[in-house]
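Visitor: Throw the hints in and build the complete structure from the sequences for me.
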Amino acid sequence: MIGTSLGNLWYGFGVALQPSNLMWSFFGVFIGNLVGVLPGMGVLTTISILLPLTYALSPIAAVLLLAGIFYGAQYGAAVCSILLNLPCHPSHVVTCIDAYPLTRQGKGGMALGITMMSSFVGASVGIIIMVLFSSVVVALALQFGPAEYFSLLLFGLLAGSTMSKGDPIKGVAMMVFGMLLGVVGTDVTSGVFRFTFGILDLSDGIELVALALGLFGIGEFLKSVNKMVSIQGNSPGMHVRAREMLPTLADIRVAAWPTVRGTLIGAIFGFLPGTGPTPASFISYAAEKKLSKYPERFGHGAIEGFASSEASTHSCVQVDFIPTLTLGIPGEAVMALLLSALLIKGIQPGPQFISAHPSIFWGLVASFWIGNVMLIILNIPLIGLWVRLLSLPYRYIYPSALFFICIGVWSTRSSLVLVAETLIFGIVGYVFAALEFEIAPLLLGFVLEPLVEENFRRAMIFSRGDLATFVERPISAAFLCMTVLLLAVQSIGLARLARKKISANASATLAE
Amino acid sequence: MMVLGCGAAFTGSTYRLGTLSRMGPGFVPVALGILLALLGAVIALNDWLRGSRTDAPTVWHLPDPRGSICIVAGVFLFIVLGNFGGLMPATFGLVFVSSLGDRSSTFKRSLLLASGLAVFGSLLFRYPLAQPFPLFQWGAP
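For the protein sequence lines, the chains are D and X, in the order given.
Numbered per the numbering used here, the first sequence spans residues 1024 to 1535.
Numbered per the numbering used here, the second sequence spans residues 95 to 235.
It is worth saying that the hints were derived from the structure and are not from the lab.
Even glycine gets a Cβ: it sits at the ideal position worked out from N, Cα and C.
One or more of the hints may lead you astray.
[To be verified] Derived, one-sided and incomplete: chain D residues facing chain X with beta-carbon distance under 7 Å:
no. : residue
1   : Ile-1192
2   : Phe-1426
3   : Leu-1439
[Stated by the list, open to error] Below 20 Å or equal to it, Euclidean Cα-Cα: the simulated SDA-like pairs (lysine to any residue) are:
no. : chain 1 : residue 1 : chain 2 : residue 2
4   : D       : Lys-1246  : X       : Arg-160
5   : D       : Lys-1246  : X       : Val-166
6   : D       : Lys-1246  : X       : Phe-170
7   : D       : Lys-1246  : X       : Pro-159
[Stated by the list, open to error] If you only want the chain X side, here are some residues facing chain D, beta carbon under 10 Å, derived:
no. : residue
8   : Val-136
9   : Gly-161
10  : Ile-165
11  : Gly-168
12  : Phe-172
13  : Ile-173
14  : Val-174
15  : Ala-184
16  : Leu-188
17  : Phe-190
18  : Ser-193
19  : Asp-196
20  : Arg-203
21  : Gly-215
Guide: What follows is the structure in structure tokens.
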């Protein structure tokens, strides 16, 4: 099996090294790196802006471009959080805790070097896991019937919405709301218009690009206009030289085991559909702190902390592609957009994906490695440029981005109605964000709703309306068990939190 | 910390949404609507309980009025001008109005940025990317 995998990988390198594919992959990585550094420009925003552009590309180039943006941004965001204490991406919040103190001690270069190393290890292991295990997942997936898919989707949806940051109940509410938005349009089985409110443009459903760009583009700009802190040129992170980035042997020794542990944790989270790199990074940081002999060092520049969280982020990002491509179930919102890029090309991800489109799958795998190497090479000379870019005023960034949003949305269907749709979602997204509702679960629910509904209906047809089918089939029952377990753990955590808050309030009132 | 009224509004509107469509194709929407209504109620209840226990002031993350109005107006202008004037005026209107929303931007700078993007951007999308969006047109298409 390993032999064929290696052969396939070799074939993939052949695909990825074709000049045009290499160019698009480089372009994606570069753009990703750039937006990762820029605060206020998320990966989701960028991918949704560039999504319409990919319609003109070949499927391979489109996927390489979008995937490159995704993992390129992870590197960029790491730079930003280490040097300037700005977590541009939620999965890097933990990196800030320990890496920024090092920057303040003048060891920012070393922190960057360690981060790059552990990211590279994490990503490489993630890719190896992808190569070895995707065929296993495919074998498993071929036994999946509608009941199994439904249970897995349910698990993914609940995991994705409760494990993102913020209140889990609100996350689930947003997910359900997203699913309701997914219902809009023509019903596939009966042809009935649902929730179109007499607007003909809605009969095709809500356009994913409009939804994503509204929520993450316009909504994000509404939130951050005039609120972005501009960076002054005198912070300690501004002066890092490439020579300082080489970590000493002692530092590497400290970082080695945490990197391995972080990688494993990240890989596990990558396999779970619905959970992205953010929970992986938090959990691996917490684990490292528990395992450490000197937990008091955490928060003051402990190398273990950010080495493991970065490794987990990167391995998770790579492994995330397995459920997305082999099951057609996106691990998180970014993956959902990537999936839609493939669907637009008429390529259906699923168990047959690897055998039907080997050039895309293996080309993608190979391009990950090439992209990761490119990122390391890119990052070393470009750090100075990135840091200077951070002082680019926001007043130039957001109007230009708005233009790309409008024209991008317009071009998906050559319709200005879509631009109006985007504007409405922007306002809606902003209101939700202002009320502290997390937006990512909404997109997840929106994308998965058709799959959920279809598989639920099919399962019901096969079992003649007997709900017990979900429990009677072993794989489906296992997923449901995991779902219940997840909910139980979450609600215990919630109850504990609530009790803590109440007691804190009580003691506060007593003190008064 | 949060909403009281919004939770209720949320609940009300979702009930209506849920029961709107028929059974059959409407089965999933109804189920989702009821679920969302319940969740909305739980959230509202949670906030109400929390609100009565603590006297924490309600923090509304208020938008920056100038910025948000300019952004919304800019996109709106893009739709109107795109319909009646073509891509180039639409782009100009969008970028000019929305960039005025930033407190640190000046009239002159916005004008420059807007004209630059209008010319460069619309030509880029019109010719190399071949989008069928007319640069200029008068009246409704």
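Visitor: For the restraint on Phe-172(X), tell me whether the closest CB of chain D is nearer than 10 Å.
Guide: With Cβ-Cβ at 5 Å, under 10 Å, it holds.
Visitor: Would you settle whether the hint for Phe-1426(D) is holds or violated, based on the nearest Cβ-Cβ distance to chain X being less than 7 Å?
Guide: Result: holds, 6 Å to nearest chain X Cβ.
Visitor: Double-check Gly-161(X) for me: the hint is only fine if its C-beta lies closer than 10 Å to a C-beta in chain D.
Guide: holds (3 Å)
Visitor: Taking the least C-beta to C-beta distance, is Phe-190(X) closer than 10 Å to chain D?
Guide: Cβ of Phe-190(X) sits 8 Å from chain D, so the hint holds.
Visitor: How about Ile-173(X): closest beta carbon in chain D under 10 Å, or not?
Guide: Check passed: Cβ of Ile-173(X) comes within 5 Å of chain D, closer than 10 Å.
Visitor: Hold the hint about Ser-193(X) up to the distance rule: shortest CB distance to chain D must be less than 10 Å.
Guide: holds (4 Å)
Visitor: Assess, step by step, whether the Cα of Lys-1246(D) is no farther than 20 Å from the Cα of Arg-160(X), and give holds or violated.
Guide: holds (12 Å)
Visitor: Taking the closest Cβ pair, is Ile-1192(D) under 7 Å from chain X?
Guide: Ile-1192(D) check passes; min Cβ-Cβ to chain X is 6 Å, inside 7 Å.
Visitor: Keeping to a limit of 20 Å between CA atoms, is the pair of Lys-1246(D) and Phe-170(X) held or broken?
Guide: holds (18 Å)
Visitor: CA of Lys-1246(D) to CA of Pro-159(X), is that 20 Å or under?
Guide: Satisfied, since the Cα-Cα distance of roughly 11 Å is no more than 20 Å.
Visitor: Holds or violated: is the Cβ of Gly-215(X) closer than 10 Å to a Cβ in chain D?
Guide: holds (6 Å)
Visitor: Classify the hint on Arg-203(X) as holds or violated, based on whether any CB of chain D lies nearer than 10 Å to its CB.
Guide: This hint holds: Arg-203(X) lies near chain D, its Cβ roughly 7 Å from the closest one there, short of 10 Å.
Of the numbered hints stated above, none is contradicted by the structure.
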